[in-house]
Structure formats: C-alpha cells, structure tokens
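Student: I would like the entire structure built from these sequences, with the hints used as guidance.
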Amino acid sequence: MRLGESTTNGHHAGPLGHTWPSADTSRIPHWVYTDERVFELEQKKIFGGPFWNYVALSTELPERGDFVRSWVGNQPVVVARTKSGGVSVVANRCSHRGMSFCMEERGNTKTFVCPYHQWSFDLEGRLTGVSFKRGVRGNGGMPEDFKLSDHNLTTYRTTERNGVIFASAAENPPTFEESFGPDMLHYFDRVFDGRELRVIGYQRHRIPANWKLVFENIKDPYHASLLHVFLVSLGLFRADQPSRVVMDATGQHAALVSRRGQQAPNDVTAQIKTFDERLVLNDSTMLQPAKEFPDENTVVMHTLWPNVMVQQQTNTLAMRHMAPRSAGVTDLLWTYFGYADDDEEMTLRRLRQANLQGPAGLIGVDDWEVLAYHQQGLASAPEETGVVEMGGRGVGNEEHMVTEAAVRAFYVHYREVMGW
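Residue numbers (the UniProt record's numbering): 1 to 420.
Hint data in this document are derived by calculation from the structure and do not stem from the laboratory.
Please note that a few of the clues may not be correct.
For lysine-lysine, the following BS3-like pairs were computed, each having C-alpha atoms within a straight-line distance of at most 30 Å [what the hints assert, rightly or not]: (1) Lys110 / Lys133; (2) Lys44 / Lys147; (3) Lys44 / Lys133; (4) Lys45 / Lys110; (5) Lys147 / Lys133; (6) Lys83 / Lys110; (7) Lys110 / Lys147.
Tutor: Given below as structure tokens:
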C-alpha cells in the first residue's frame, strides 16, 4: 500500500480479536504496545516477513571466518564472513535441541560448534558433524537414515549495500532498492557512500518500553523542541530551524532532516518553558562541528523499517539497532562509526559528540526516562487510545518539524502488514 491510499477500515475486528479505533492512523490503540500476543505476531509478520533487517556493518567482518552476534527481532543470529568472502546469517539456535550455540559477541572461527552435544556446522549453517553419530563400540548412534543435510541451521537471505549488511527471513524478499525507494536511498547513500567504514565504539542498554515507542521517538521531531532542554537551549535542534520530514511511498521509512540553528532567544523560544539561554558548556569542543557532507544538514535521523535508525548528529554517526525482547522491553544496540580515512582529529570529534546520545547521553537520558514512563502509562489502560494529530490527520512529507506525520505513516504500513 502507498501513502494516500485508504487503509484498513477501523471498527472491524482484526487479528487476535483486536479492533483498530479509527479508519485512519490519527488514533493508536494502547494494546498495540502492551499485548504480548501482538508482540509475537509482529515477530512473524514483521521481523520474520519480507523485509530487510539490519544485522551488522561489513567492516566488522574484515577476514574470512569473522563473526558477530546480532538480532532479527527477538531472534538471535550470527553474522559471518564465509570462506568465499560472502556473508551468511544463521539462527543462533542449534538444530539438535535448540540451544544458542554462540556465546561470544565476536570472533573468528572455521566452524560453529554447539557446546552441549558438539554438533558442528560450517559458516553457512550446514551441519558437518555429529558426535557419536555411529555410536560407541556398537552402542547408541543415530539411525541409519539420519542425514546431516536434513539438519542445517536456519538461514536468512542477505544483502549488502555500501558496507551495511541486512538479512531477511523471507524466501523471496523484494530487492533492497525496491524496499527503500529513491528518496530513502538518497539519505542512506549520503552516509554510506562507498567509503570504507571504521567502528569506533559500541554501547547497549535495555529500555523498559515497546520497540515501536523507540522507533516513534525518532519519527516524532515535535517532542525534541520541548523535552530536550540541552538541544533547544544550545540551538542544536529547535522548532524554528530549517527542517524536513521525508518518507518513502509506503510509510515504512522516514528521514528527519534539520540544520543547526542559533542559541539566541526569539518568538519561538519564548513559548518553550524549558529554554534557558544561560546554559553553556564548560568545554565547547563537543559542539564544534566539521562540515563533511555536501549539504548543510547537521542532523539526519533515518528510520529504516523494521529495526534500525541511522544517526547523523553533526559528526557523530551511529547505527541504533533495536532488538525487541517482549512487548514492554527493547534492547538498543549502538554501533558508532566513522570512515577509514578519518584523521585522528575527526575521530576524536565523533567520540566527543557521542556524549550527546547513547545510554547516558545529554539528550538520550531524557528519551529513555520518558519512554519508560510512556510504557508504564500505556500498560495501565490498554483499552484506551492515543491521539496522533499534530500537523493534521494525514500523511506525507513536511517542511517543518511540528508534526507527527511520520508516526501516522508508520502505522499505515504497520496496519497493512499486521492486518488491522
């Protein structure tokens, strides 16, 4: 379905007996964030559906045999560089008894071996060995008709674009280019332009909130000028800045684009209670940007359905990878990166600016606390609905940030996939 077309009609029971409260997406039911049955259905239809899930950066697998653990929805996976130099993504779940066989975050190996019963697999997930397959001194052993090839690991389709690896559980997913469309590819290729990437750090934390709230937080620029005192007071992100909200044709993906403003007060800041022009940093080097992209945009927050946000906050670049754990818990995995040709000064600049975001970032801490309380409130009244009408009830690109259009667009696509 494309934006602008009619959505599934409200007031008709859909999956799990739930009914969407409106014909459009200006109303969002609380149960969509709290019902564990909805969460399980999302794992099948969204994360297990015909979509491309981010799993790793290619630079994390420079050598054959390199691997990293990752997630596709709530499913643990292992991403590996194969003997041929390609990439494989396999379920981190032994085909024998279902144990997660890989405990290391990253490493190099020729074979995956499950420690429980020593079943071994090659890097593409093929079962290559079973201990005591023929028994011991005539005792035990597997049946004569047991075939190794019948017990390979679950595998995912993979694709790489400019140093970023994605995986899909679908047999025949659309191409990456078809999935994202020209506008979203423009913003993707702006950061991932073919230059070799270099990882400069990792962070991870657990948020007691539904994964969609985490996603919506980036699709909702309207809150940033109100919640984040640091952003507003130092002129990093304000409602009066030149900005855009750009979506693909389906509402799956969106980019929030903005240009840094000034710290000086004006008629807009006069309406913001939290604005404080006296707020200054003892060390201002953290806020000193260096131009590195052809345009003048200082913030581009790119949400890619279904599980990742690409962050450009001035010179800090990061992948925010969501790993949903339950209806009310989401792990957020951060991979900070730059380019292989960055000089030392640029790397230090990226690291300093990383203090803005992350688990304890000057901006991030506001979001994590608010999301936790948001989930708490939703869980207390799952039968009620939320209002998403800032900027109207429609969907589509906007030339300002006082809007919830990208959130509404997200739920147009969400309802189509889920059946509501």
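Student: If a hint holds in the structure, say so; if it does not, say that too.
Tutor: How the hints compare with the structure:
| no. | hint | in the structure |
| --- | --- | --- |
| 1 | Lys110 / Lys133 | 21 Å, holds |
| 2 | Lys44 / Lys147 | 29 Å, holds |
| 3 | Lys44 / Lys133 | 34 Å, violated |
| 4 | Lys45 / Lys110 | 33 Å, violated |
| 5 | Lys147 / Lys133 | 10 Å, holds |
| 6 | Lys83 / Lys110 | 8 Å, holds |
| 7 | Lys110 / Lys147 | 22 Å, holds |
Hints 3 and 4, counting from the list given before, are not met by this structure.
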